[in-house]
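Enquirer: Given these sequences and hints, build the entire structure.
These protein sequence lines map, in sequence, to chains A and B. Positions 0 to 413 (numbering that gives the first Met the number 0) are the ones given, in order, by the first sequence. Positions 0 to 317 (numbering that gives the first Met the number 0) are the ones given, in order, by the second sequence.
Mixed in with the good hints, there may be bad ones.
[As the list claims (entries may be wrong)] Partner residues are not named here, just some residues of chain A that face chain B (Cβ under 8 Å, in silico):
(1) 258
(2) 259
(3) 376
[Stated by the list, open to error] The following residues of chain A were derived to be distant from chain B, with all beta-carbon distances above 12 Å:
(4) 35
(5) 222
(6) 247
(7) 253
(8) 268
(9) 279
(10) 337
(11) 348
(12) 381
Bear in mind the hints are in silico, worked out from the structure with no lab data behind them. Glycine included, each C-beta is placed from N, C-alpha and C at the ideal position.
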Amino acid sequence: MKKTLLRITALAATLLAAGLAQAETKLDVLTWFSADQAKTFQAAITEYEAAHPGVKIKLNTVAGTGAATFPNVLRTRIAGGQAPDIFTMWGGSLAGPFVDSKAALDLAPYYKKYSWDAILLPSAVNAVKRNGTTWGAPIDLRAVSFFYRKDNFKKAGVAVPASFAELEAACEKLKAQQITCVSAAGTFGWHVMRLFDFFLEHTAGPEMHDQLLTGKTSWDRPEVVQAFALLKKWTANGWLPSGYMGISPDQAQQLFLQGKAAMILEGDWFVTNSNAAGLTPEQYGFFVPPTDKTPARLEGFAEQFMIAKQSKNPDAAAEFVNWWLQPATQNKYYSVNGSSATKDAAPDAAKNPQGATYVKMIAANPTYMIMDQAFPPEMMSTTYYRLQSAVAAGQTTPEAAAKEMQAGVAGIGK
Amino acid sequence: MITNTRIDPNDPGAAAAHPPVATKKKWRRLLRRFTPYFFLAPALLIYGGFVIYPMLDSLMISFTNWDGMAEERAFVGLANYSRIFDDPVAILALKNNLIWTVVMLAVPTALGLLLALGLNRSFKGKNLFRSFFYAPAILPLVGVAGIWAWMFDPNVGLINTTLNLIGLGSFAHQWLGDPNTALYAVMVAGIWQGLGFPMVLYLAGLQGIPADQYEAARIDGAKPLKQFWHITMPWLRETHIIVITLGVIASFKVFDLIYSMTYGGPGQATQVLASWMYFQTFQFFHAGYGSALTWLIALILMVVTIPYIRITSRRSGG
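Expert: Rendered as C-alpha cells:
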C-alpha cells in the first residue's frame, strides 16, 4: 500500500513537472564567446531569466574558433534540425550562406515592433544588412586601427604618423633599430588583408574604395595596382615581419606584445589582449591609419545576433535580443563584447580607460567595410588571398594582380 | 544440440509432437549456417548505419548542388565531377598529394627500415630507443603541427635561430611563407611524426625472419650487404607492401598538418585534396562539390586498397 502511494506520488510529481516544463519557454543561444565573455553573458542571462519567469535560456559557446570553425558548428546544427534560437554571426558575405539557405529569420517586423533603428548605430545596422534586408540585429561595431608600442617609437625617435609619408619614414627609422615596423600574418589571409585594405583606402580614397567593394567599378585600375605595389614595396623593404606570409595572427600578435614589432593593425579587442599581456597605457596606444584622405576612415565590421528560422519561439528570442540591445543592458554588460552597436553605450572609463578612448575614436571616424565581409569566402580564398601571397612572393606583378582581382570579382555568383 | 529422443513411426501423435529427424537436421544445418551472421548482425548494423549509409548519402550529395544546410537540393548529374578538372586548385591539390605520396613513401619508409635494422640488434637500452623513435607517432597531429609551426617561425623559431647562432644565417628562410618551400616544410613535420609506424612494422617483419637463414649465409661467406639484399629484403616483401599501401592511404588522407600549419597557403600553394574538400564543403558551402572531391579521394584509395586487402587476406588465410 505504502509502495503504491509512493508510486502515485512520483507519477503525479512527474506529470506536474512535465506540465511546468511545457509552460516554460526554452531558448537556445549559440555564441563564439570566450570563457570570460560567456561568464559575463551568463550573468546577463540569469538576470533576464529572473525578470522573465517562464523563460529558460541555454547558452552554448564555440569559443576561440573564429570564422574557421564556428560556421561549421552552426551549419551542422541547422542541417540536423537542431538550430539554436539565437546565434552570433558576422556581417556581410560571411552571413550570406545562412541567409541564402533561408536559415535566418527576417527581423524587419521586430525592428518595427521594438524601434531598434532608434537605439542602434545606423552604420552597424547597415553593416549587417544583406540585399537591403535586416536578417540580424547588430551587437557590436568593430573597427581596426594601428596599435603602436610607445617604447619602440621612442627608441627609433618617431612620433605618431599624421600622413602616409610619415608612416613610411617611421618604418625606415624603426628598421634601422632592427624593429619590425608593422606586424602582420599571412596564414588565413585576413590579417595581411587589413593592411592591403588600408593601402587601398590610401590609394583609391573613400568613394572609389566603396565602389570597388560593391563591384560598381573595375578593379583593373591604377589605384588597385598602386595598392598591390605598396604591399610589394613594404615586403621588399623589410617593414613587415620576415616570412610574414607563413605565420599565424597569434604569432604576429606575439611579435607586437613582445616588443619585436612597433605596430599592428588590430581592433578594439586588442586592448584586452594588450592589457592581459601586461602592457600599460604608458607602453602602447593606437591611432587612426593615416590614409591622407578625408574623411579619415577606419576599417570596420559588425557582428550580429540572428534568429533561426527553425526557432519554435522567435518572439521570445526577439524579446531577449531587444533586452540585450537596450543601452542600460549594454552599459552594464559592455565587457561581453568590448564594443556595442547601441547608441550611448560605452565602457566604464574609470575601469577601462583605453577601451573608452577606443570607443571615442570609433565614434569620431566613419568606417568602411572590411574586404572579407564584402566578398564571398570562396572568391577571397581563390582570388584575393592567392594574389596577395603571389605579389608578396614576387610571383606576380601588381598589374597582373589587379587584372585577376577584376576577373575574380566579375566571376562572383557565376 | 543433440537429442536422444526416439520417435515411433507408427504413432501419429508422437510424430506431431516430435518433428522428423530429417527436418530437425535441416533446421540445425540452417541454424549452423546462419549463426555467424547472427553474431555479425549487431556490428553490421552499426557499420551500415555509421559507415555505409553516410558513404552512400555522400555519393548522392555529390550529384547535387546542396550547400550543406538548405532544405532544397537540385540534381546536377556529373557536373561536380567534371568541375574538378576545370578547377586549378583541385588540380594543384592532386599534384601536391602525389608529391606528398612520393616523398612520404621514400623518406619515412627508408628511414623506418634503417632504424628497424639498427634497433633489431641486441644492445643495452634497445627498448628505450624504440620508444623514443616511436613517440612522435602517438602525438595528436594538431599538436605536431603546433610544435613545427613554431619551429619554422622565421623570426623566433628554433630552426632559423639555430642557423643564425651557428653562423649559417644565410640559410635562414621563411619556410612556411615561401610557396616554393611551404609544402616541403610541412612534410618535415609529417616525416618526423610518421617515422615510427613503418619502423614498428619493419621491426615486426624482421623478427619473423628465421635466424638460421643468416647463419647459413654466413657459413657460405655472404657479407652483411649481400645478406640484406638476398635474405632480409625478400623476407620483408609483404611488410613492404603493407608499409607502402598504408603510406599511400595516409598520403591521400593528409589534412591535419596542412590545415594547422599553412591553412592551404601561402595562397593555395599547399592545398591537398582533403583540405580543398574541407574548404569547399565547410568554408564555401559547396557540399555537392566537396562530396565529389571526397569520392575522387576514395576512388584513388580504392585502387590501392583493394590489392592490399587481397594480399593481407591471402596472408591470413581468408
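Enquirer: Please settle this one: residue 253/A was flagged as non-interface, so is its CB more than 12 Å from every CB on chain B?
Expert: Incorrect as stated: the minimum Cβ-Cβ distance to chain B is 8 Å, not above 12 Å.
Enquirer: Quick check for students: does the CB of residue 337/A sit more than 12 Å from each CB in chain B?
Expert: Holds, because the least Cβ-Cβ distance between residue 337/A and chain B comes to about 26 Å, which exceeds 12 Å.
Enquirer: Are all beta-carbon distances from residue 348/A to chain B longer than 12 Å?
Expert: Correct as stated: the minimum Cβ-Cβ distance to chain B is 36 Å, above 12 Å.
Enquirer: Hey, does residue 222/A actually stay past 12 Å from chain B on C-beta?
Expert: holds, 23 Å
Enquirer: Does the no-contact call for residue 279/A survive, Cβ to all of chain B over 12 Å?
Expert: holds, 23 Å
Enquirer: For the hint on residue 259/A, just tell me whether its beta-carbon gets within less than 8 Å of chain B.
Expert: holds, 7 Å
Enquirer: Verify this label for me: residue 247/A is non-interface relative to chain B, using a Cβ-Cβ cutoff of 12 Å.
Expert: violated, 7 Å
Enquirer: Just to be careful: measuring from the Cβ of residue 258/A to every Cβ in chain B, is the smallest value less than 8 Å?
Expert: Violated. Min distance 12 Å.
Enquirer: Taking 12 Å as the cut and beta carbons as the points, is residue 35/A off the interface with chain B?
Expert: Its Cβ never comes within 12 Å of chain B, the nearest being 23 Å, so this holds.
Enquirer: Quick one: work out the minimum CB distance from residue 268/A to chain B and report holds if it exceeds 12 Å, violated otherwise.
Expert: holds, 21 Å
Enquirer: Confirm or reject the statement that residue 381/A sits farther than 12 Å, beta carbon to beta carbon, from all of chain B.
Expert: violated, 6 Å
Enquirer: Does the CB of residue 376/A sit less than 8 Å away from some CB of chain B?
Expert: holds, 5 Å
This entry does not satisfy hints 1, 6, 7 and 12, going by the numbered hints stated previously.
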